[in-house]
Structure formats: C-alpha cells, structure tokens
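Quick note, the sequences are listed as chains A and B, same order. Each residue of the first sequence is one higher than the last, beginning at 1043 in our numbering. Each residue of the second sequence is one higher than the last, beginning at 992 in our numbering.
Hints are computed from structural coordinates only; laboratory data are not their basis. Be aware that a few hints might be false.
FRET-style restraints, in silico, Cβ to Cβ [what the hints assert, rightly or not]:
{"#": "1", "chain 1": "B", "residue 1": "F1133", "chain 2": "A", "residue 2": "G1206", "range": "47 to 57 Å"}
{"#": "2", "chain 1": "A", "residue 1": "Q1249", "chain 2": "B", "residue 2": "I1293", "range": "23 to 33 Å"}
{"#": "3", "chain 1": "A", "residue 1": "G1206", "chain 2": "B", "residue 2": "L1098", "range": "27 to 37 Å"}
{"#": "4", "chain 1": "B", "residue 1": "K1194", "chain 2": "A", "residue 2": "D1137", "range": "15 to 25 Å"}
{"#": "5", "chain 1": "A", "residue 1": "R1424", "chain 2": "B", "residue 2": "Q1280", "range": "42 to 52 Å"}
{"#": "6", "chain 1": "B", "residue 1": "I1293", "chain 2": "A", "residue 2": "S1068", "range": "32 to 42 Å"}
{"#": "7", "chain 1": "A", "residue 1": "L1256", "chain 2": "B", "residue 2": "F1132", "range": "35 to 45 Å"}
{"#": "8", "chain 1": "B", "residue 1": "F1132", "chain 2": "A", "residue 2": "D1162", "range": "51 to 61 Å"}
Covered by chain A, per the in silico footprint, the following chain B stretches (three or more residues, Cβ under 8 Å) [to be verified]:
{"#": "9", "stretch": "1025-1035"}
{"#": "10", "stretch": "1139-1145"}
{"#": "11", "stretch": "1285-1298"}
Every residue, glycine too, gets a C-beta built ideally from N, C-alpha and C.
Here is what each chain is made of, one letter per residue.
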Amino acid sequence: MTMMKKLLTSAVASALMVGGAQAEISDNTVKIGYLADMSGTYRDLAGPNGLAALNMAIKDFGGKVNGAKIEVVSADDRNSPDTSSSTVRRWVENDKVDLVAGMVASSVSIAVSKILEEHDRLGIISGSAASSITNEHCTPNHIHYVYDTYPLANGTASAVVKEGGKTWYMLTADYAFGHALEGDVTRVVEANGGEVIGAVRHPFPTQDFSSFILQAQASGADVVGLANAGADTTNAITTASEFGVTQSGQTLAALLLFLTDVHALGAETAQGIQLTTGWYWDMNDETREWSDRFMEETGVRPTMVHAGIYSSTMQYLNAVAATGSDDAQTVRQQMMDTPINDMFAKNGKIRVDGRMVHDMYLAEVKTPEESKNEWDLYKILRTIPAEESYRPLSESKCKLVK
Amino acid sequence: MNQPVNSADIHKAIVEQQAAQDRRKMILNGVLLVFLLAAPFMMYPVFLMKILCFSLFAVAFNLLFGFTGLLSFGHAAFLATGGYTTGYLLSNYSGLTTEMGILAGTLASTVLGLGFALLSIRRQGIYFAMVTLALAQLVFFFFVQSPFTGGEDGMHGIPRGELFGLISLDDNMNMYYFVLAVFIGCYLLVQRVVSSPYGQVLKSIKQNEARAVSLGYNVDRYKVLAFVISAALAGLAGSMKSVVFQLASLNDAHWHMSGEVILMTLVGGMGTLLGPVVGATFVVNVEYQLSQGPLRDWVDPILGGIFVLTVLAFRSGIVGELQKFVKKNLG
C-alpha cells in the first residue's frame, strides 16, 4: 500500500515537472562555464571583469545551492565560433557543465546555442547584440539577457526623433549587421514622422572616416546615425569630434556603444552623443552600491554586460534553488515564471523566445564640464518602457512562438 | 685507409643507407598511425578533428610554400570557400550525402584556386604575396556581403548527415575516422606529389627558378598546378571543418587565418612533410591550453613571440631541427 502511494506521488510529482525532468542537481554540482573574449576587441565590455561579476554573484548567493557546490570554469572564445564550439562541446560532453554564460560575438553565441540545444543544457547570453539570437536563431536552451539591436535602434531612433531630430543621415557599416540596423532605424524614424535624407556605406572595418563624416556634415541633417559597432563606431566618433560635428549643431546617435568605449574616448570627444543602454552604474543607490563593490574587485566601473552577468547568474541560481534541479528546461521555465527585480532590472521578464525584456534608457554623454570624474559619463534622458523597446512577439520568427 | 674503393660497394652502401632511412620512416609513420587510430579513446575527438583539419590546411599550404617557394598570403580564401560551399549545399539540399557536399566544396575552391593562380603566378616574392592577399580580401568581402553566409553571424547548424547515405556522422567516432581517412589520403597524395619527378621540378623551381627555365621547363605551368592542388586541399580542409563543427564563419576567410597557416608551417618546419602537421598540432594546442589558463589574456603576444623566436633561432622549425639533430648525432 505504502509502496503504491509512493509510486503514485512520485508519478504525480514527475507529471507536474516540466518535461518530466528529475528534480535533482546532477552530481551534486552546479557547473558554470564562462565563455567570453578575454584577449581581443571585446575584452573590455565583458572579458575577465565579467568573470569577476559572475564570481561576485556566486559569492553573494552563498557559494552553495541547496547544499550542492558551485563550480566555475572559463575560457577565451578568441571571437571564433569554431574555437568556442569545440570548447563548449567539451564542456557539455565531458565536463558536465550545466550553464554557459558570457558570450559576446554573435557568431559565437549562435554556434554555442546550437550545441546547447543538441545537448539540452542552458546558456545565458549577456554580451551579444544581434537580435537574430532570439529571432530566427532562437532555441529552447538559451536566454538573451542584457540588450539587443532592436531596442538600440528603436530606442535611440524614436527618442531622438521625439527630441526634435527630424532629418537623419546614416553612416552604415557595409555588411548584414549594418544594413539590418540601418533598416530598423529608417523604419522607426519614418514611423515617428522623421526622414532619412541620405546614407553612406563604409567598408567593414574602416580606419579613416573623414570622407564619410564630411558627407554627413554636408548633408545638413539634424542627426548623424552610426549604424556600426566596435572600433568602427569609436573611429567614426573620433573623426566626427575632430570635424566638430556635434559642436556645429548636429546630433550624433550611436546605436551600439558601451560605457567602456565612451570611457576610452573620453567626455571631450564623445560629448553630446545619444545612445540607448540597458543599464548604467550611476542610476540609483542600488546600482551605485553594486558598482562600488564591482570597482573594488576590478578597478573599473561595470558596463551593462557586467551587471547583466551578475543579475542573470543570480536569477539562475535562484531558479536552481527553487526547483532543486539543474535540468535546463526546468530551470528555464522557473526563470521565465519569475519576474526579475534586482539592481539590474525592474519587472524584467524572460519571454518564451528567450528574450529578457526590461526597461531601456536613453542616455546622453556628458560634457567635460558636467562630468565629475572619469566614469561620470552619462545623463539618463528618458526611460524607454520594456514593451516599447523590444521586438514584439507578434513580429517574431522564432520557432518557439506559436 | 688507402684501400681501392669499389663502385659497387659504394652503390651497395647507398642502397643500404636508403633502406635504413626508409625503415626508420616506415616505423615512424607506423607509430603515428597507431597513435592516430587510438587517439579518440584518450582525447576529445572534436578537438582532434580540429587538429586534423588544420593539419591538412597547413600541409596544403606547405606544398606551395615549402616545396615550390611561393608564399601565398591568401589561403584563407580557399579554406572559407570550401567551408561555405559545403555548408550551403548540405544545409539546403537534404538529398545530398556528406561526401558529395565535401567534394563540391573542394571543387569550388579548386576552381577559385585556378583563377587565383592564373592571375598571381606571373609575379614573384612579395608581389605574389600581395596579389594573393588582395584577391583573398575580395573573397572575404564577397562573403561578408552575401546573404547566404549569414555575414558576421556565420552559417550555423550545417547537418553532418550520413557518409555514403549509410554511416551516421553525428557520432563523433565515425566522424573522426572519416576525417582521419581523408587526412591520411591527402597526406599520402602530397608525399607522392613531392617525391615524384613533378615534385623534383617544383623543388628546383624553389631553389633556382632561372635555372629551371633554362633547363626547358615551363615553370608557370608547374607553378599553376602546384597552386591548384594546394587550393583544392585547403578547400577540402575547410569543407571538412564545416561539417565537423557544423558551422562556417568569417574567421576562416579573414587574413588572420592566412597568417595563422604561415605560422603553423614555419613553426612545424616548412619544406618537410610532417612539419605542417606538427606545427598545426602545436599552434592549435597552444591556443587551446592558453585560452583555458591564467595566461589567456596573452595568447596573441605569446604566439607572436613563438613566431619571432622560430624565425630568428629555429629557421627550419620543430621537425627541421629534429631532422638536423638526428642527422648530426645518429645518422
């Protein structure tokens, strides 16, 4: 009789469990693999300091989850999808890694997410920009946490148009990423009553932007939109500053720019640029408190990616603790069911396509006079509500959205 | 000491020495083969396949650089063309078996190689390197722009499929032995090419092109053929790589990759058969080991340092230096 009862309860329990996963932590260890660019172009925005943020989260969580120990392994992705994919394959096939975190270059993130899907493990992507990660490349095994290009284009473009920047001139990196961004911006600008009066495409990558910037200046547009990323954006901004673009009354709108980029450029060069960010360290007491601790660890202020890595790791560990399982689907479901309320996001929500949607912020880079110290770089102009920011599910091409 | 020397004796001694050398080579190759067959049981097969693919790439490059003396700075173009072609075909035509896809990728880079060769072969030295680099950059920008490659995101989820429609390559072990078989086949092919009369002409071109011309060889034709074989094998390496990793990315087309294969060949020992294999194994391992450890911020400077050290102090690379050592002390 008791046997029967036991069987019955376990049957009911497992039926309640999503996907019939066992409620246990495999080998009594939660193993997290941190994969990011540790040595190349994207080192600053995630890199070794992202690993520090991850370790901070584990420490703050208590170092153990339901008595199981938490282990971290890390590797340099070398910005190469095949290096990353062999590393991650080894992690999941041999080393029993449960969660892969970090990930910057979109080619890396997509390659890794395919492997995670094949082996049913979980990935939380914090560094990548491409919105395709949760659109045509979505899988039930990853979450895209911090930001993507959709709100960057959407947020910056609609806000800038509303602030009075009616005519736009686009400076676009001549490859798929730049074209997509230009397309998104054009759509948003026109929807808000603005107009794109011209565009110039530059090769990827470009060192010398002077001729492009001169064309942009000559166009007489209110706003020069930079539909590029990384070194291209910073090079364009430096050139624009030398030619006095912002001083002559045009607004520079950068679509993908990190705090570390702005810090490297300095307030003098970058002043007046408008951009969208998912998080800024100096927004409120909570963010400042965390950033101070982060700075003690690393010596720099955190980017939105660092904060996102901390927050998402915390969310993950909470979900593991709540479900008592490290099974990818169980944990992902739990994370989707729990709204995110911490120093990173208020009422953040993970959607079925794996997109974490939360409020974004329109920021403007301060002038050297306004900036009180080297990291005092942004003024937050406006909060862009989550539902206005991200690509609505109705437009999604994700196979999980039905 | 003053015994008269019999020419038959000399001949015999040379034959014996040759036989002893051949025996040594046979034993070495036998040991290597056993090791490669047993390796996936001791090491991670995907990692081994990566080493094999890069080894094949380096072997292909070395045929041109080490044996013909042509420094191509555009070999990434062939690696990428092979990879993208195979990836595109296997992803979009499900009726295609894996080996057909790989064959098509190889063919595409062979044709591309012929085009490159016809345009670049008339120049020598740095000009040849620059022409190949420029052509490879054209190919790179083509891949950046083309929608089918996925641009920066890369091409993903290429199915491994079934070999001859029979053997599932999703199994890492099957995949490994397939890659190993192709690799050994190509290695033997290059060995055959190099030791053939054709290979002798290539070596003579490397040593003294003017003399080869004066001996009546149509040097350009020999060089074009060497270039095409090299491009074909590089494309084959790229095709297999895209099947192994199930992705093809811009990294393969980037000029960094052309530089990396030079590094592999130089470190291993250019102009030796085994050199590029050793070099590729070495470079892939160093990259992997460093990227896991505390020195991961320093991968590129360390590789650069190794390169400088090789060029300054060990001109003939790992295998070349070992050969010299063996010859001096044991031969």
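Right, here's what the structure says about each hint:
1. B:F1133 - A:G1206: 47 to 57 Å: This hint is violated: roughly 41 Å between Cβ atoms.
2. A:Q1249 - B:I1293: 23 to 33 Å: 26 Å, holds
3. A:G1206 - B:L1098: 27 to 37 Å: 58 Å, violated
4. B:K1194 - A:D1137: 15 to 25 Å: 47 Å, violated
5. A:R1424 - B:Q1280: 42 to 52 Å: 48 Å, holds
6. B:I1293 - A:S1068: 32 to 42 Å: 36 Å, holds
7. A:L1256 - B:F1132: 35 to 45 Å: The hinted range 35 to 45 Å is violated for L1256 of chain A and F1132 of chain B, with Cβ atoms some 24 Å apart.
8. B:F1132 - A:D1162: 51 to 61 Å: 38 Å, violated
9. 1025-1035: It is violated, with 1 qualifying residues against the three required.
10. 1139-1145: holds (count 5)
11. 1285-1298: holds (count 5)
Checked against the numbered hints above, the structure violates hints 1, 3, 4, 7, 8 and 9; every other hint is satisfied.
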